[in-house]
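Be aware that the sequence shown starts at 1, since it is given in my numbering, and climbs by one per residue.
Calculated directly from the structure, the hints in this document are not laboratory data. Honestly, I wouldn't trust all of these hints.
[Said to hold, decoys possible] Using 27 Å as the maximum straight-line C-alpha spacing, the simulated DSS-like pairs for lysine-lysine come out as follows:
id: 1; residue 1: K22; residue 2: K87
id: 2; residue 1: K73; residue 2: K102
id: 3; residue 1: K47; residue 2: K22
id: 4; residue 1: K73; residue 2: K47
[What the hints assert, rightly or not] Derived CB-CB ranges, DEER-like:
id: 5; residue 1: A63; residue 2: S9; range: 32 to 42 Å
id: 6; residue 1: T35; residue 2: D8; range: 25 to 35 Å
id: 7; residue 1: S49; residue 2: D99; range: 43 to 53 Å
id: 8; residue 1: N52; residue 2: S3; range: 15 to 25 Å
Quick reminder that beta carbons are idealized off the backbone N, C-alpha and C, glycines included.
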Amino acid sequence: MLSLKAGDSLIVNDIFGAIEYKGEGVFIAGGAGVTPFISIFRYLREKNSLGNNKLIFANKTKADIILKDEFEKMLGDKFINILSSEKTEKYAYGQISEDFIKKNGTLSNSYFYLCGPPSMMDAVEKQLINLKVPADKIVKEEF
């Protein structure tokens, strides 16, 4: 922007995205789907309001885990990883399942925030519905 001159054009868009923080819950991200959660967690950290929020983060390999050190420091054991293409001693292996959500989520009165590839979000949403999570407690990013 510092190099703009009179007469140059800019394309300006509205803010987009549907994820907004509604209260404590379980954030479920697939890969780059963690992006909208980064600013939410940083904001909550600044306000000293991380509370009982958890992040379940699905990736292919441990090298794919975005901001791993920052999330570990910020969330501690509330930062839960699952890898689909690499087995390690430190992280779960496979896909997010109903059992994985029950084991790592907090089902009673929690919000569930979803962002990731559409097929992952659809699968996780179906699992949450099967677990009797009310629709108004599921917050999804819309693409």
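Each hint, compared with the structure:
With a C-alpha separation of about 34 Å, the suggested pair K22 and K87 falls outside the 27 Å cut-off, and the hint is violated. A distance of roughly 24 Å separates the Cα atoms of K73 and K102; the hinted pair therefore holds under the 27 Å criterion. Of the pairs offered as hints, the one joining K47 and K22 holds, with about 15 Å between alpha carbons and a cut-off of 27 Å not exceeded. Simply put, K73 and K47 have alpha-carbon atoms about 16 Å apart, close enough for the 27 Å limit, and the pair holds.
Between A63 and S9 the beta carbon distance is about 40 Å. The supplied range of 32 to 42 Å therefore holds. Separation of T35 from D8 is about 29 Å and conforms to the stated range, judged on CB atoms against 25 to 35 Å. Between S49 and D99 the Cβ separation comes to about 30 Å, which falls outside the hinted range of 43 to 53 Å. Checked against the given bound of 15 to 25 Å, the beta carbons of N52 and S3, roughly 46 Å apart, lie outside it.
Comparing the model with each earlier hint shows violations of hints 1, 7 and 8; every other hint is respected.
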